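All chains, please: the whole structure from these sequences, using the hints.
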Amino acid sequence: MHYRRYLKLKPQILSGYGVVLFLLVIVVGWAVYNLAELGRASNEILQDNYRSILAAENMVAAIERQDSSVLVVLLGNDPTAAETFTRNELTFVSWLGRAQDNITIADEVAILEQIEATYLRYLAAFDTLQSLPPAEAQPFYVETMFPIFEQVRSQAVALRDLNQEAMVEASAYAQNTAQEAILSTALLGGLACALGGIFSLILSDRIARPLKIMAAATERIAAGDYDVALAVQSQDEVGQLAGKINEMSQKLKAFHALNVGQVIAAKQHSEAIIRSINDGIVVVNEASLITAVNPYAAQLFGIVPEQVIGEHLLNVVRLTAVVESVKATLECHAPTPELDELPVEIPQGDHKLIYSFTVTPVTGDEGQMLGVVIVFQDITKFQELDRLKSEFVMTASHELRTPLTGIGMSINLLREHAASKLSARERELLDTAAEDTARLRALVNDLLDLSKIESGQLTMDIAPINMVDVAERVVATLQTQAAEKQITLATDCPATAVLGAADGVKIAWVLTNLIGNALRYTDAGGRIEVRVAEHGQQVYTSVKDDGVGIPYEFQSKIFDKFMQVKSERAVGGTGLGLSISREIVRAHRGTIWVESVPGEGSLFTFTVPAVASET
Numbered sequence: 001m002h003y004r005r006y007l008k009l010k011p012q013i014l015s016g017y018g019v020v021l022f023l024l025v026i027v028v029g030w031a032v033y034n035l036a037e038l039g040r041a042s043n044e045i046l047q048d049n050y051r052s053i054l055a056a057e058n059m060v061a062a063i064e065r066q067d068s069s070v071l072v073v074l075l076g077n078d079p080t081a082a083e084t085f086t087r088n089e090l091t092f093v094s095w096l097g098r099a100q101d102n103i104t105i106a107d108e109v110a111i112l113e114q115i116e117a118t119y120l121r122y123l124a125a126f127d128t129l130q131s132l133p134p135a136e137a138q139p140f141y142v143e144t145m146f147p148i149f150e151q152v153r154s155q156a157v158a159l160r161d162l163n164q165e166a167m168v169e170a171s172a173y174a175q176n177t178a179q180e181a182i183l184s185t186a187l188l189g190g191l192a193c194a195l196g197g198i199f200s201l202i203l204s205d206r207i208a209r210p211l212k213i214m215a216a217a218t219e220r221i222a223a224g225d226y227d228v229a230l231a232v233q234s235q236d237e238v239g240q241l242a243g244k245i246n247e248m249s250q251k252l253k254a255f256h257a258l259n260v261g262q263v264i265a266a267k268q269h270s271e272a273i274i275r276s277i278n279d280g281i282v283v284v285n286e287a288s289l290i291t292a293v294n295p296y297a298a299q300l301f302g303i304v305p306e307q308v309i310g311e312h313l314l315n316v317v318r319l320t321a322v323v324e325s326v327k328a329t330l331e332c333h334a335p336t337p338e339l340d341e342l343p344v345e346i347p348q349g350d351h352k353l354i355y356s357f358t359v360t361p362v363t364g365d366e367g368q369m370l371g372v373v374i375v376f377q378d379i380t381k382f383q384e385l386d387r388l389k390s391e392f393v394m395t396a397s398h399e400l401r402t403p404l405t406g407i408g409m410s411i412n413l414l415r416e417h418a419a420s421k422l423s424a425r426e427r428e429l430l431d432t433a434a435e436d437t438a439r440l441r442a443l444v445n446d447l448l449d450l451s452k453i454e455s456g457q458l459t460m461d462i463a464p465i466n467m468v469d470v471a472e473r474v475v476a477t478l479q480t481q482a483a484e485k486q487i488t489l490a491t492d493c494p495a496t497a498v499l500g501a502a503d504g505v506k507i508a509w510v511l512t513n514l515i516g517n518a519l520r521y522t523d524a525g526g527r528i529e530v531r532v533a534e535h536g537q538q539v540y541t542s543v544k545d546d547g548v549g550i551p552y553e554f555q556s557k558i559f560d561k562f563m564q565v566k567s568e569r570a571v572g573g574t575g576l577g578l579s580i581s582r583e584i585v586r587a588h589r590g591t592i593w594v595e596s597v598p599g600e601g602s603l604f605t606f607t608v609p610a611v612a613s614e615t
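In case it helps, this note's numbering puts the sequence shown at residues 1 to 615.
Keep in mind that the hints were calculated from the coordinates and are not lab data.
Being a predicted model, the structure only gives us computed values, none of them experimental.
Each residue gets a CB set at the ideal place from its N, CA and C atoms; glycine is no exception.
Any given hint might turn out to be false.
To be verified - Using C-beta positions, here's what the derived DEER-type ranges look like:
#	residue 1	residue 2	range
1	Thr144	Gln179	49 to 55 Å
2	Gly97	Arg121	17 to 23 Å
3	Lys212	Val25	28 to 34 Å
4	Glu331	Glu180	33 to 39 Å
5	Ile26	Glu331	52 to 58 Å
What the hints assert, rightly or not - Once the Cα atoms are required to be at most 16 Å apart in a straight line, the calculated EDC-like pairs of lysine to aspartate or glutamate come out as:
#	residue 1	residue 2
6	Lys381	Asp279
7	Lys544	Glu529
8	Lys544	Glu595
9	Lys327	Glu286
10	Lys544	Asp523
11	Lys485	Asp523
12	Lys485	Asp546
13	Lys352	Glu311
14	Lys561	Asp546
15	Lys251	Asp279
16	Lys557	Glu595
17	Lys421	Asp431
18	Lys352	Asp378
19	Lys251	Glu286
20	Lys544	Glu472
21	Lys381	Glu345
22	Lys544	Glu600
23	Lys544	Asp461
So this is what it looks like as structure tokens:
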């Protein structure tokens, strides 16, 4: 590739831009002159007449308020009416003085003199009215004072109209000036553009020819052809650039030879790691198209990895929960654990396996979304163990309920009939036994409820209910307890109904448990807020407090059975409330999760399916 250069690039560019700059200075100077003319016309409109209009408007407002004060004086309902009249008198006189100091039109002098004379008559009439008995005051107002008020008001309006007409005339002058400025500036600008265009075409053609040669060379380099050599017969700036392009192509050629091997090795290493993992892994890009599948996932879904690369996730993994979680993660650029809680069933021959899944976003160095990684873990054995454990807990709890009831009744009989024969220490031990028995019975009842929910034996009366009504009813029930602890308990709900498919009693229990926990862990003077909102196909109900919060290490297992956060507060409880709440929400095909910052408070949120309101 050859080209010749005889003149330095800088003088050529400076000469071309010098001509354009000269033309630009002429156009800008003419435009500035026209803008100054427009500014002068605008100032005439704003400065000369606006103050008089403002004064007239304020005089009208002041005398109207004075007239209202006169009516109040006549009615005798407000002893401060006369003071109001005097205050507005000062306002009127003040604006009248400003108007007299701002006379810009000859006709204003006569109008202002009329206003001043008539207003003095109005003030004298008010003094006369105050001295008249009530029987004579009203006729005097109607026959004498009100006509004077109308006269003053009409004169002030006339002052305003006079100045508005002057503003219209000034505006017309400004408009004519603007039209002339636009026309002249457009003509001059068009001429400057034509001349500048001619110089630009000449200059650009002289510069573009060698640059086209270099552009073709860089295109070859970008396409991967690094055997590029530009033969330059000049030492100007373009020649120096061509030399740098030659140097760059040689370095890229050497780097490419080294880097390709490293990239291939890293890719093979990553693929080997994915193949060796004993969990199902599916990788998709930002368009939900599959880019990688490990052998375990291929066997799980009965597919051939090479055949599904580039396919949409929905065509391969036909699991609604997984697809929705991937979609939500791609949209919000962050994990969505609330959508990953529920396990999925995947058919395998004549039986089904239960898998948990996690969706993890993959982002670039600048935060752009590259895709997600879906990991499937077989939890069938854990689910079976959990089922057996639940059955054992249900059986043991059922067997414990009867003897605990008998023990409780026996202790209560002793407290009622034998308390007088016992010493203080013995009565104290008996009271402790009664409290421990009550706690055991509560624990057994909670275990039975939890076991019934987990085994599907607890009947759910699912029906469309107004979640706003549920929230307000539960909050009203707990207001007394909140007031005793000096905690503000409030709702933030829409005024219209938010319908969800739920069992009203069970969902109310969940909300009561969440608010009860918030009351336990919020100090006096704190605030608890319950919110209900509909987003998409879900109704979100949340309980937010500004209490002690939950340590990060406990947040992932806060919904586990018998889980109680260690703290300095002795709040009691069985540690099953949140676990039962989670199972109830899951039975509604919803999710529940927590967001908390230690020392700042917690936000518990659960969802139930939304029901479209009838219109």
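Here is what the structure says about each hint:
A hinted range of 49 to 55 Å for the beta carbons of Thr144 and Gln179 is consistent with their spacing of about 54 Å. A C-beta distance of roughly 18 Å is found between Gly97 and Arg121, which places it inside the suggested range of 17 to 23 Å. For the hinted restraint 28 to 34 Å between Lys212 and Val25, the CB-CB distance of approximately 33 Å keeps it satisfied. Evaluation of the 33 to 39 Å hint for Glu331 and Glu180 yields a failure: the beta carbon distance comes to about 56 Å.
A hinted range of 52 to 58 Å for the beta carbons of Ile26 and Glu331 is consistent with their spacing of about 54 Å. Only pairs whose Cα atoms come within 16 Å are accepted, and Lys381 paired with Asp279 is accepted, the gap being roughly 15 Å. In summary, the hint linking Lys544 to Glu529 is supported, as the alpha carbons are separated by about 5 Å, within the 16 Å threshold. Proximity of Lys544 to Glu595 is assessed by CA-CA distance (about 9 Å); at most 16 Å being required, the pair is judged to hold.
For the hint linking Lys327 to Glu286, the alpha-carbon distance of about 9 Å falls within 16 Å, and the restraint holds. For the proposed pair Lys544 and Asp523, the alpha carbon gap of about 14 Å is at most 16 Å, so the pair holds. For a cut-off of 16 Å, the pair hint linking Lys485 to Asp523 stands: about 8 Å separates their Cα positions. A distance of roughly 14 Å separates the Cα atoms of Lys485 and Asp546; the hinted pair therefore holds under the 16 Å criterion.
Between Lys352 and Glu311 the alpha-carbon distance is near 25 Å, which puts this suggested pair outside the 16 Å criterion. At roughly 25 Å between alpha-carbon atoms, Lys561 and Asp546 are farther apart than 16 Å, so this suggested pair is violated. Between the alpha carbons of Lys251 and Asp279 the distance comes to roughly 43 Å, so the proposed pair goes past 16 Å and is violated. Between Lys557 and Glu595, the direct Cα distance comes to roughly 12 Å. Compliance with the 16 Å bound is thereby established for this hinted pair.
With a C-alpha separation of about 15 Å, the suggested pairing of Lys421 with Asp431 holds against the 16 Å cut-off. Distance restraint check for Lys352 and Asp378: the Cα-Cα separation of roughly 11 Å lies within the 16 Å cut-off, and the hinted pair is therefore satisfied. At most 16 Å may separate the alpha-carbon atoms for a hinted pair to count; Lys251 and Glu286 exceed this at roughly 34 Å. With a CA separation close to 15 Å, the supplied pair Lys544 and Glu472 stays within the 16 Å bound.
With a C-alpha separation of about 13 Å, the suggested pairing of Lys381 with Glu345 holds against the 16 Å cut-off. At most 16 Å may separate the alpha-carbon atoms for a hinted pair to count; Lys544 and Glu600 meet this at roughly 11 Å. Taking the CA atoms of Lys544 and Asp461, the gap is near 28 Å; set against the 16 Å cutoff, the hint is violated.
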